[in-house]
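Chemist: Build out the structure end to end from the sequences listed, making use of the hints.
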Amino acid sequence: MIDKEEIQQEIVQAVEKVKKTNPMAGSITNSVTINFVANAQLAVGGSAAMVYLPDEGEFLAKAGGATYINVGTLFPIYEETLPRTAKALYEAGKPWVLDPVAIGIGELRTRLLLQFKEYKPSVIKGNASEIIALAGLWDLEGGIQQSKVRGVDSTDSVIAAKAAAIALAKWTGGAVAVSGETDFITNGTVQVFSHGGSHFFEKITGAGCSLGGVMAVYLSMASPFIAALTASAVYNLAGYRAERQVDGPGRFQTQFLDELYKATAKEIADNPFDIEEAEV
Amino acid sequence: MIDKEEIQQEIVQAVEKVKKTNPMAGSITNSVTINFVANAQLAVGGSAAMVYLPDEGEFLAKAGGATYINVGTLFPIYEETLPRTAKALYEAGKPWVLDPVAIGIGELRTRLLLQFKEYKPSVIKGNASEIIALAGLWDLEGGIQQSKVRGVDSTDSVIAAKAAAIALAKWTGGAVAVSGETDFITNGTVQVFSHGGSHFFEKITGAGCSLGGVMAVYLSMASPFIAALTASAVYNLAGYRAERQVDGPGRFQTQFLDELYKATAKEIADNPFDIEEAEV
Amino acid sequence: MIDKEEIQQEIVQAVEKVKKTNPMAGSITNSVTINFVANAQLAVGGSAAMVYLPDEGEFLAKAGGATYINVGTLFPIYEETLPRTAKALYEAGKPWVLDPVAIGIGELRTRLLLQFKEYKPSVIKGNASEIIALAGLWDLEGGIQQSKVRGVDSTDSVIAAKAAAIALAKWTGGAVAVSGETDFITNGTVQVFSHGGSHFFEKITGAGCSLGGVMAVYLSMASPFIAALTASAVYNLAGYRAERQVDGPGRFQTQFLDELYKATAKEIADNPFDIEEAEV
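Chains as they are written, first to last, in the numbering used here: chain X, 1 to 280; chain W, 1 to 280; chain F, 1 to 280.
Just to be clear, a hint being listed does not mean it is correct.
With a straight-line cut-off of 16 Å between C-alpha atoms, the simulated EDC-like cross-links for lysine to aspartate or glutamate are [as the list claims (entries may be wrong)]: (1) 170(F) with 139(F); (2) 19(W) with 202(X); (3) 94(F) with 118(F); (4) 19(F) with 202(W).
Hints in this document: simulated from the structure, not taken from any laboratory.
It should be emphasised that the depicted structure is a prediction, and the values quoted were computed from it without experimental measurement.
Modeler: Following this line, the structure appears as structure tokens:
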């Protein structure tokens, strides 16, 4: 039996530990939204550090509480940096978040994402099309070989990605979060639908990337499943609140960071979610 | 005879098609303003995707409705990425926007901008000094060989760039937009002065770059001339409106994105502009 | 004897010259906060230009009034770009600001920072841990060999960095600014404590980087000591004012840029500071 109150208690603890200890989560992330990722990580109480070079990736892997890897924009040096960083994380038993942005575009991205299969990211976060495509690339159930990702956008619904998400979570032994109108989070045995958010998430760049960065912050202090759920909850709460105070995407971004900052542990744990046993 | 109402009708159609179909415009653009470019593209109803690597540039060239190339900050890999992407665009007959930022600075930039002459960008957008320098580099009328660009700023007036703009438009068969206090847009046979905007455009970074990115969004759905004119009009309208609500460049940026998002097709078409036959 | 009123007069002049002449300060800076650096430079009245390539760095070194070098995120090409740019600055007698962000992380960063010792940056700006680590790397008094930098954060107090700051200033013949709750600025013979600021500086990314970029703007028009002091004063003033109008880090950023823009020369000179002879 799943005890929802116990889950909420763990969310409260994750949020409070982060606010108290200000854990550093290093990132190798795309240059489009890198500033927003760092600001979101700081807003929830974490600390941010971003690098590009191989030995710096290895350094952060060991020094950080958890690490965020987002393949949104690749530089040539990433051919070395990303496998070496992922290997360092895996070998040190350090948790990390993978964001397979734009999977299917370009030869290097495909090669890197294939390599990550063995380094088992603790949390995989993506939109529905990305999750389905990653399961396909890794030859897991629910995946399809042909990516339906359009640039950085999803063309699939969250529900369509359930089987792929569960298969990925079973493979890694961690958690998978599928972001969409309602977010889906699973650790392979239980599944959660997290509610809230805002239609403005699609009208700004970086809502998804910064969610991944914030998951890495909580992952410094909580299990993959609780980290993914806590980050989704604070995003859904802050997005919902920010939307009610603005009428455009510019002020939404600004207000959203403020709401991330102001949300209390209890409010985050109380953000609506449904939890049940995982089933495809 | 030029029918202004017909032009306005085409602007309305461009705006409405973009809001309805959410076209993707890929970009290879500078890292200083890349976030603002993406957010502006999303605010007007488009979708954004940014890359750095050669095969990814080729992929976006084929997959996107139109592509934005801004040479503001160059990485070494751009020696391959930019010519291959421009060639792919040209060979596929796909429209693209060139923003020759900081023309005259550095050897690679000059070499890349020279190569672009044969790949005929559908829209060229720049400040007066950049347009004059590009016409000079391409050995066209109205150009001067010695760039007067100061970093990323113009030291020439929009009127001084008229001849260069018309010559460039005649060479490409597309449109040229010279941004300044009043914007000048031409397709080589007609010319437009688009009014509005804000003095804050010079107090924030990325007003020009994001204008180029938004031109690429409209270029997915309209001719080069209408795309350049529509983007200039929505910028002039949103800038004018935003300025009236703020007293500094920070809130201006935020409010400007909101006004981009809220402007209706009719309001954009009604933003003041003068149109006449092109003459040097 | 130190004449505080004379110092204030020099601050007024620096601010007014910048507002009047709009000097360009080129930057080679990290990609996380590059947009915020440029916007802060524009807000105080300067002009910004950012590059990555070696010959472009040399070009900006010669063309700009002063240059800002921040090693926060390194690309492989920086192995060439940064030494060539620093050498060009040194040989041309052009002033520049060094921001030794994340000193201690990675082999290339250490090697570059070592090379900079001979090119004597006019202003060195950092948090306490960075300043202590740089003095250590350069084998100067007050430094320690083992960096205590945690990612990009300081683990030392400003006072702990006094000896290192004075030793660095004596070595370069320029100024050193240690940012913290109270900022410490010295030219090796006098020392200043500059008051104000905001607790939100730690809750956004780029407060430190953009301060360095703004120092480069004032350095185009003033001595290293006055430039460092003026930039610290406007940051402390604008931070203090912005904090009083907001309740979160999102709106703080926006409001802070507005306050940078609105601060007058007299207000900046009047921002509280203590000045005395330098002593360890």
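Chemist: Please go over all the hints and tell whether each is borne out by the structure.
Modeler: Here is what the structure says about each hint:
Only pairs whose Cα atoms come within 16 Å are accepted, and residue 170(F) paired with residue 139(F) is accepted, the gap being roughly 13 Å. Proximity of residue 19(W) to residue 202(X) is assessed by CA-CA distance (about 13 Å); at most 16 Å being required, the pair is judged to hold. Proposed proximity of residue 94(F) and residue 118(F) is supported: the alpha carbons are some 14 Å apart, at most 16 Å. A C-alpha spacing of about 13 Å is found between residue 19(F) and residue 202(W), which places the hinted pair at or below 16 Å, so the restraint holds.
Checked against the numbered hints given earlier, this structure breaks none of them.
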